[in-house]
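Residue numbers (my numbering), protein chains in the order written: chain R, 12 to 316; chain F, 1244 to 1490.
Treat the hints as calculated values from the structure; they're not laboratory data. Hints should not be assumed to be uniformly reliable.
Unchecked claim - Here are some chain F residues pointing at chain R (derived, C-beta under 7 Å):
#	residue
1	G1247
2	K1250
3	V1258
4	G1327
5	G1328
6	R1332
7	T1336
Glycine is no exception: its CB is placed at the ideal position from the N, C-alpha and C atoms.
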Amino acid sequence: MPSPVISVSNLRKSYGSTVAVEDVSLDVNQGEIFGLIGPNGAGKTTTMECVEGLRKADRGTISVLGLDPQRDASALRQRIGVQHQDGHLQKRIKVREALDLWSTLYARVVDTEALLGQLGLESKKNAWFMTLSGGQKQRLFIALALIHDPEVVFLDELTTGLDPQARRAIWGLVTGIRDHGTTVFLTTHLMEEAERLCDRVAIIEHGRLIEMGTPAGLVEKHCPERRVVFTSDGSGVAERFAGVSTVRSVTSDGSTHTLSGEGDDFVTEVIHVIAREGVRVRGFRTETPTLEDVFLKLTGREIRN
Amino acid sequence: MMKGFWKLTWVETKVFVREPMGVVATLGMPVVVFIILGGPFGSGQSGATLLDSAPFNVPIMAALTIAVSAVLSLVAVISIYREGGILKRLRATPLSPVTILGAHVFVKLVFTVLSLALLVLVGRQLFPGAMDVPLPSFTAALLLSTLSILSLGFVIASLIPTARFAQPIGVALLYPMVAVSGLFFPLDALPPWMRVVTHGLPTTHAVSLMQGIWDGAGWGAHWANVAALILVFGVCVGISTKVFRWE
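All chains, full assembly: derive it from the sequences and hints.
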């Protein structure tokens, strides 16, 4: 059993009369990518900032690397790296100057040249912050978060607003951080991102933690249904699946047939029937639910602000 | 953490210098005030002491402009940094809050001295003889005044909601203080309650102190002004630690 590097229990934080986070408890294990996911305004950032020690919780206990984020703030800051949602630096600070400044602040730092290389920023060394693209800014923030080789890295909405190419590049970097042995705690409202990156996720809504587990485990638990969609011009196709135990329903729309069912054997059995009955199939695909389906199922589909 | 302080100060200086308008305004404004106000008022006179004929003390006006523009610039920088999340990001580093804000204050004080130096250089060219004053003492008086008004700037920066309003609100608060600082008319002309208010403002004591030092008075003669400026500094720093917002 891996030991938790972050341990939060019964966290509560309110701003005036608005309760942002209520009774949140979670553990983040050494060496994993842990994602806090939820709609905008659910309390993800507040939770993360309490853990980082930037905000003081009203109630509950938080331990990061065995330290209290409030009491041991300065010791903790040497060992964690952070990136903030929608963060900025001085408009006219050069990339090199930012790294240079940051590297004087920590007792132990990595080779900044190598770090710039890894993040593809060598050619931007002398560029002002304001001239960087969104992806370059985020890569610089990752560099600043990693400059002291921290044990835990906090990434808040890292890829929001980035184009797909930049987003994929960042995902590669985050996986690399984890593979280096660093624990990653991130927030995102992009379910595809959470599913691709996170070893475990916690879903938070209206300040409360409503579910936690591996992405695959959550899909299995909440959306076990699988679907097979195939097209066939033959007649009486739908009836041939009548007696199959794992098939729950069959709907047909012209030559397109949709079968739904549950269990590991479902798809195999469908294929088996198609082969046995000699059904001529023009197209065939399976649909597996994603974390997004779980998320929508648990948090509802209505539009929120 | 001194290393971090110097590094941050150096970075903030470079960042400031890269914005030409800010530098021109900081260094140029007081000189422009000096030339415009000192020139026309003095030109009609025939004596060597041109500046003496102005209805108020032009060098002190220029020096106060230096202090006030430093404060307005600080208020703007702090609110922009706060709005952009820069303060928050710096605060997540091992830098202490005092270091982060202290670097800004230090940069402003350095530019205050530079502005004064420029003012003296220009003044010596345009108004020979008018600048024969105890400069080290006057510099110290200006720095103390600036520091005291800067601390008030931090309180203002804490209360201003967005960067867009920082400059206008700063101006709206500071310029009236300058108006009733005793520079333009004797404070005796004010109703009694206003006189009490003006004695609580750092600008009033700044003018009195700088005017005294400029005219050759000793620090001892102005101990009350010095004490008041330090008191304002202490109170404003105290308030700021309570109300200052990092984001």
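Hint by hint, here is what the structure shows:
1. Annotation: interface hint on G1247/F holds; nearest CB of chain R at approximately 5 Å, less than 7 Å.
2. Hint status for K1250/F relative to chain R: holds, with the closest Cβ pair at about 5 Å, below 7 Å.
3. The beta carbon of V1258/F comes within 5 Å of a beta carbon in chain R, closer than 7 Å, and the hint placing it at the interface holds.
4. Interface restraint check for G1327/F: the shortest CB-CB distance to chain R comes to about 4 Å, inside 7 Å, so the restraint holds.
5. Because the closest C-beta pair between G1328/F and chain R is about 5 Å apart, less than 7 Å, the hint holds.
6. For R1332/F, the shortest C-beta to C-beta distance to chain R is roughly 5 Å, which falls under 7 Å, so the interface hint holds.
7. The beta carbon of T1336/F is positioned within 7 Å of a beta carbon in chain R (closest approach about 5 Å), and the interface hint is therefore held.
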